[in-house]
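Asks: Sequence:
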Amino acid sequence: MEGAPPGAPSTPSLMTLRHPPLLKLVAPVVVFAALLAVLALANRGESPSLPGATVAGDENTPARRAEADAQRGDADLQRVRETGDASLYTRAERSFDSALRRDPRNVTAVIGSGTLALARHDFRDGLRLGERALALAPGTVRPYAVVVDAQVELGRYDEAERSLQRMIDLRPNLASYARVSYFRELTGDLGGAAQAMSLAVSAGSGTPENVAYVQSLLGDLDLKRGRVAAAGQAYREALAMVPGYVPATLGLARVEVARGDLDAAAAAHRRAGNRGDPVALTDIELARGRGDLAAEQIAKANEQHRQELAQGAHPDPGMAEFEADHGSKTRAVALGRRIYAEAPSVKAADALGWALTRAGRPAQGLRLAREALRLGSRDPVFHYHAGMAAAAAGRPAMARRELRLALALDPSFSPHHAARARRELNRLGAM
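In terms of the numbering used here, the sequence shown opens at residue 684 and continues consecutively.
Take the hints with a grain of salt, since some may be wrong.
Derived SDA-like pairs (lysine to any residue); straight-line CA-CA distance at most 20 Å [stated by the list, open to error]:
(1) K983 x A996
(2) K1012 x G1001
(3) K983 x A955
(4) K983 x G1010
(5) K1012 x R1050
(6) K983 x T766
So the derived label-pair ranges between C-beta atoms look like this [claimed, not checked]:
(7) G972 x L1111: 18 to 26 Å
(8) T744 x P926: 37 to 45 Å
(9) P821 x G972: 53 to 61 Å
(10) N985 x P821: 43 to 51 Å
(11) N743 x T773: 22 to 30 Å
(12) E979 x R784: 40 to 48 Å
(13) G767 x G1077: 42 to 50 Å
(14) R1020 x G822: 37 to 45 Å
(15) A1046 x R1110: 15 to 23 Å
(16) R953 x A923: 16 to 24 Å
By construction, these hints were calculated from the structure, which means they are not laboratory data.
Everything numeric in this text was worked out from a predicted model, so none of it was measured.
C-beta: ideal position from N, C-alpha, C; glycine also.
Use the sequences and the hints to build the structure in full.
Replies: Take a look at the structure:
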């Protein structure tokens, strides 16, 4: 069994994470990449060696060669995080496949394959591989990262809660605390999410990028709690760890949006270059009245989606939502239905509901919007979608309540859609 690392928080700190039940304590959304799949790569080098990871004997034995292949695959996954080059997923896949041909019981390769499945949004295969890794290495913590992430994305929240509790009991570290934070956010506990993410930052990692990533996530949580100055400081600290770090650069763009400086926000996005977020920049350019620049970003986002699918990724909720806003409403519904059928999470329910609302079926959209809110999410986008669906479905009281809540949670949650929410409230006589 793997124990806590030297300097880890004491057991009483963990007890505060366990009572009341973890689901009430222990979430967010990244566009184009499953956040949990990204977390699956974090802190990979911090655990003690897995069974089979250190193999005695001649370096040319199949088991030793398998482990070398698996480690190369892991290195490529980390490089994706650092460079944004998703083509490295294919190289990582080849390394993991080679490792498993040499040694089907190589746990490092099974976990790596599961992590890769999550990154491609194939959560069912990710869960299968995570459970296989647990069977091969019971009592170790790293397989739980894949299992928890897959269970959450599949909407199996009770199972995820139990797996996550086991994970944090086994080893309270950056990876486990970050997942506690993710789970808490999903249930609307933003203060608890920030507490857990602070513990993730404090736990540290042998890889500076991993720490910079969770530091950036802490900035995201500060922004969601209206702590704009604290968010800016968190992003700057991440940039001090890894100069030019893209998640922190995009975080500073969100700070500028919160401050109302859309010109500075657009400039920050462009500093990220090819690794920027065209979805968020589309929103900013529309709010700035720059339809020409927004059209450029829409084309970039569509190309990014095309490349992801061509590289073997399954569609994710962000794709369906973007299609509903800027593309074919019919295609958005089809995408949303496929995503929801494969992985019926609250994010999938929200995306399908919004696609249906935009396609002129707001009563169906509202039903799914309510499903998306069933965990108690404080995500203003979820509440905005519910409010707009309610308005279109002839439910003005609910529309006013949900749209007011979205703007109260974060008046700058989306420069373009926040303006639409205010116009709808004016139409309803609620401003």
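Asks: A separate judgement is required for each hint: does it hold in the structure or not?
Replies: Hints and how they fare:
1. Simply put, K983 and A996 have alpha-carbon atoms about 17 Å apart, close enough for the 20 Å limit, and the pair holds.
2. Restraint check for K1012 and G1001: the C-alpha separation of about 14 Å stays at or below 20 Å, so the hint holds.
3. Restraint check: the Cα-Cα separation between K983 and A955 comes to about 14 Å, which is no more than 20 Å; the hinted pair holds.
4. Between K983 and G1010 the alpha-carbon distance is near 13 Å, which keeps this suggested pair within the 20 Å criterion.
5. Taking the CA atoms of K1012 and R1050, the gap is near 18 Å; set against the 20 Å cutoff, the hint holds.
6. Using a Cα cut-off of 20 Å, the hinted pair K983 and T766 holds, with the two alpha carbons roughly 18 Å apart.
7. Between G972 and L1111 the beta carbons are some 25 Å apart, a value that agrees with the proposed interval 18 to 26 Å.
8. At about 42 Å, the CB distance of T744 to P926 agrees with the hint of 37 to 45 Å.
9. Distance hint check: the CB atoms of P821 and G972 are about 58 Å apart, consistent with the given range 53 to 61 Å.
10. Remark: the range hint 43 to 51 Å for N985 to P821 is upheld by a beta-carbon distance near 45 Å.
11. Between N743 and T773 the beta carbon distance is about 26 Å. The supplied range of 22 to 30 Å therefore holds.
12. The hint said 40 to 48 Å for the Cβ distance between E979 and R784, and at roughly 44 Å that hint holds.
13. The hinted range of 42 to 50 Å is satisfied by G767 and G1077, whose Cβ atoms lie roughly 44 Å apart.
14. Under the hint 37 to 45 Å, the C-beta atoms of R1020 and G822, about 40 Å apart, fit the expected range.
15. The supplied range of 15 to 23 Å is met by A1046 and R1110, whose beta-carbon atoms lie about 19 Å from each other.
16. At about 22 Å, the CB distance of R953 to A923 agrees with the hint of 16 to 24 Å.
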